[in-house]
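**Q** The chain contents come next:
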Amino acid sequence: MAGVDAGIGVQEQLRLIAQLRWQLFRNGLRSIRGRLEVVSRVLTVLTMSGVVTAGAIGSAIAGYVALETHRSWLLPLVLWAVALVWQLYPIVGATSTVQFDFRNLLRFPLRFSSFVLLTLAYGLADPAAIATLLWLTCFTIGMLVASPVTAAAVLPVLVLFAAMNLLFGRMVLAWVDRWLAQRRSREILSVLFILLILAFQFSGPILGDWKGATPVSGAALLQWQEPLPPGVAAAALASAADGRWVGAVAFALAEVAYGGLFGGLLLVRLRMQYRGEDLGESNRARVDASPVAPGWRLPLLGEKTSAIVEKELRYVFRNPSMLVVFAVPVLLVCLLGLSHGSSRHGAGLVGQYGQFMYPVAAAYVSLVLLNIIYNSFGYDGNGIEWLYMAPVRFRQVLVGKNVTVVLLMTMNLVILWIAVGVVATPPGAMVVLPTIAAVAFLLLVHFSIGNLMSLQLPRRVSIGFSRNRVAGVSGLASLMVSAVSLAICAAAFGVGFWLGRMWIAAAVLAVFAVVVSPAYRWSLRRCDDLAMKQREVLVAELVRRE
Amino acid sequence: MAAPVIELDALTRRFGDLVAVDSIDLRVEPGQFFGFLGPNGAGKSTTIKMVTGLLAPTSGRIRILGTDLVADPVAVKRQIGVVPEGLALYGRLTGAEFLNFAGRLYGLDRETTARRASELLEFMRLADRPDTLITDYSHGMQKKLAMAAAVIHGPRILFLDEPFEGVDAIAAGTLKAMLQRMIANGATIFLTSHVLEIVERLCSHVAIIDHGKLVAQGSLDELRAGQQRNLEQIFLSVVGGPPETAGELSWLG
Numbered sequence: 097m098a099g100v101d102a103g104i105g106v107q108e109q110l111r112l113i114a115q116l117r118w119q120l121f122r123n124g125l126r127s128i129r130g131r132l133e134v135v136s137r138v139l140t141v142l143t144m145s146g147v148v149t150a151g152a153i154g155s156a157i158a159g160y161v162a163l164e165t166h167r168s169w170l171l172p173l174v175l176w177a178v179a180l181v182w183q184l185y186p187i188v189g190a191t192s193t194v195q196f197d198f199r200n201l202l203r204f205p206l207r208f209s210s211f212v213l214l215t216l217a218y219g220l221a222d223p224a225a226i227a228t229l230l231w232l233t234c235f236t237i238g239m240l241v242a243s244p245v246t247a248a249a250v251l252p253v254l255v256l257f258a259a260m261n262l263l264f265g266r267m268v269l270a271w272v273d274r275w276l277a278q279r280r281s282r283e284i285l286s287v288l289f290i291l292l293i294l295a296f297q298f299s300g301p302i303l304g305d306w307k308g309a310t311p312v313s314g315a316a317l318l319q320w321q322e323p324l325p326p327g328v329a330a331a332a333l334a335s336a337a338d339g340r341w342v343g344a345v346a347f348a349l350a351e352v353a354y355g356g357l358f359g360g361l362l363l364v365r366l367r368m369q370y371r372g373e374d375l376g377e378s379n380r381a382r383v384d385a386s387p388v389a390p391g392w393r394l395p396l397l398g399e400k401t402s403a404i405v406e407k408e409l410r411y412v413f414r415n416p417s418m419l420v421v422f423a424v425p426v427l428l429v430c431l432l433g434l435s436h437g438s439s440r441h442g443a444g445l446v447g448q449y450g451q452f453m454y455p456v457a458a459a460y461v462s463l464v465l466l467n468i469i470y471n472s473f474g475y476d477g478n479g480i481e482w483l484y485m486a487p488v489r490f491r492q493v494l495v496g497k498n499v500t501v502v503l504l505m506t507m508n509l510v511i512l513w514i515a516v517g518v519v520a521t522p523p524g525a526m527v528v529l530p531t532i533a534a535v536a537f538l539l540l541v542h543f544s545i546g547n548l549m550s551l552q553l554p555r556r557v558s559i560g561f562s563r564n565r566v567a568g569v570s571g572l573a574s575l576m577v578s579a580v581s582l583a584i585c586a587a588a589f590g591v592g593f594w595l596g597r598m599w600i601a602a603a604v605l606a607v608f609a610v611v612v613s614p615a616y617r618w619s620l621r622r623c624d625d626l627a628m629k630q631r632e633v634l635v636a637e638l639v640r641r642e
Numbered sequence: 041m042a043a044p045v046i047e048l049d050a051l052t053r054r055f056g057d058l059v060a061v062d063s064i065d066l067r068v069e070p071g072q073f074f075g076f077l078g079p080n081g082a083g084k085s086t087t088i089k090m091v092t093g094l095l096a097p098t099s100g101r102i103r104i105l106g107t108d109l110v111a112d113p114v115a116v117k118r119q120i121g122v123v124p125e126g127l128a129l130y131g132r133l134t135g136a137e138f139l140n141f142a143g144r145l146y147g148l149d150r151e152t153t154a155r156r157a158s159e160l161l162e163f164m165r166l167a168d169r170p171d172t173l174i175t176d177y178s179h180g181m182q183k184k185l186a187m188a189a190a191v192i193h194g195p196r197i198l199f200l201d202e203p204f205e206g207v208d209a210i211a212a213g214t215l216k217a218m219l220q221r222m223i224a225n226g227a228t229i230f231l232t233s234h235v236l237e238i239v240e241r242l243c244s245h246v247a248i249i250d251h252g253k254l255v256a257q258g259s260l261d262e263l264r265a266g267q268q269r270n271l272e273q274i275f276l277s278v279v280g281g282p283p284e285t286a287g288e289l290s291w292l293g
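Going line by line, the protein sequences match chains A and B. Per my numbering, residue 97 is the first one in the first sequence, and the count goes up by one each step. Per my numbering, residue 41 is the first one in the second sequence, and the count goes up by one each step.
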């Protein structure tokens, strides 16, 4: 321990960490990308400063008007705005910025008090916190100008409110961080996130049905928000403004209780981090060994192709985002039914054109599902090396992957048939047959192009929520192929409907499928050579070295 | 003398201006436990990747068991097993599912694959985690599973890239026992490793690569050349020792 001091103070530790952050920033400027990021950040700051300034002026005016004209409903409005910006902006911003992980500092002799202080200081240094603190300051000034006598209540209440926001924000991020640290909880969160996005997407049609309902009144809203932290702070301010000091103190104490709760939960998390918690997932309970069951035997497929299909299907059903692929078409059918009258014999789209709901939903499924064909190896990750080391030809691998997509599409068509049958009437043979022919045609077109593009432009995809399942160019190609092939299918359906003979559509699309099949066989023949040529690209893109 | 099972002739690999592997000629005889050594960045992994089909050579020829790897890769791969640096595992499968997948890709039938998978999982002490996904295995467990997958078809040659890196003493013991059993049964093993003690204990023959060139090759006895030297001393004499540091870091310890 030669030359090591007995210990350095908290102040020195904070100074060293500030210096570390500054050094990281300076080092970031060495690359062009780093400099561009700084420029973009400066531009963002300039833009945001306009918004922040407007918010500050608005807060000051709102504070003044609220007390001067006794419009107490303005108080919760401002405090909710402050709380929402403070809490939501860091979550949105976290997706685009590199986050600093304090746990990295725990290898150094850092005290727990320093660790807690750093966590809180980082929360205060967040742009959203700085902006909202400015708004709160202006809000305070506005109120004090209108009613200087309330200073004794306004100042502590708003300081408490700021502290509560700080503790809440750090507490939420600390716990979300913990859930994201483990695969299972991370996947559950990703499914919830996907469902949230879907809820937003489908909110339009659902809200459309509620147009006739009584709107929620402002008074009711004010009542609902009262027990929540911004409401409690607003109630404390309103009580002080009215000279009800006992009420102000009571509400302020409620605010303290909220702060205590959030602070306690934050401390629990930080204490676990400080003690060096182990979130590893390799220490599960052991069970008695049992013989390994043989793999699946799939009819008409050889041993190798069966093994590939089995592996692919296991991957699909362990991937939460792929499960959404099954949920979306059913939701779509149900919402179509809800939006246009769910009666089996009602008017509207379902009543008149219910028979087309099935092919329309199938087309939608093809759009959602078939783009994975353009990045067939995306989920293989490190396993791609296995495919190169094993005595298997890439055409066999791709046939296995294609068979998997056919099975998934078939499952979707069956689910859709049931869903349409429940919402409207079960689609008859004259709708089902052309739909199947159209799907066969679509699959062969997509396989012919997608198999080659999978080898040309691979992209590693993480299991869980991922918006980019294919590389940019492949995504565009998938979209264009979909547009053209779906237009052909729609034209065939249109002709069949116009002639009143849907079997013509089925026959035409079946012929198209037969015409396209040599292209599929040609692309498979090309796959082996292309896979060998592209092996370094595939391995470099898909394999992650630990 | 039996025909070599691995023959590399003027094997070269360039990455732009960098010559990672520079015209290597190498012969490995059947039944040898062959250690391929070299400092970091010497070209060991690049060589093993080329020999196992993961990387294309810039020039030169690779013959495995008398078959040209480029001309008939599938025939070669049927007879070899590989544990690459990245382990090449499918994280979303369980150990048993992965072995079932691996065995059938090597051409075994379902029943044989399942039986051998059970035996391998038992031998590797992985059988008590039937529902655990590979992604949740520890690094040592993943390494043992990768080894099990590489041998499930009973390969005649086994290629191992740093098999003992990040593996605890118990797992290393298991792996060594399996490798020695394979050698006793007539297989050939070709491994790269930084752990010279292990190589010295296991390997009968060694080659040393430095800056892409083969600088030494032969049996351990040949490399000792009658002197009482261990492998570390041989290695340092061939690739050069660490720089002089006398007087530096005097405060340390």
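Any given hint could turn out to be false.
Claimed, not checked - Covered stretches of chain B (in silico footprint by chain A; criterion: 3 or more residues with CB under 8 Å from a CB of chain A, positions within the stretch not fixed):
hint, segment
1, 86-94
2, 153-162
3, 218-225
4, 246-254
The set of hints was computed from the structure by calculation and includes no laboratory data. Each residue gets a CB set at the ideal place from its N, CA and C atoms; glycine is no exception.
**Q** Look at each hint and say if it fits the structure.
**A** Comparing the hints with the structure gives:
no.: 1; hint: 86-94; in the structure: holds (count 3)
no.: 2; hint: 153-162; in the structure: holds (count 7)
no.: 3; hint: 218-225; in the structure: violated (count 0)
no.: 4; hint: 246-254; in the structure: violated (count 0)
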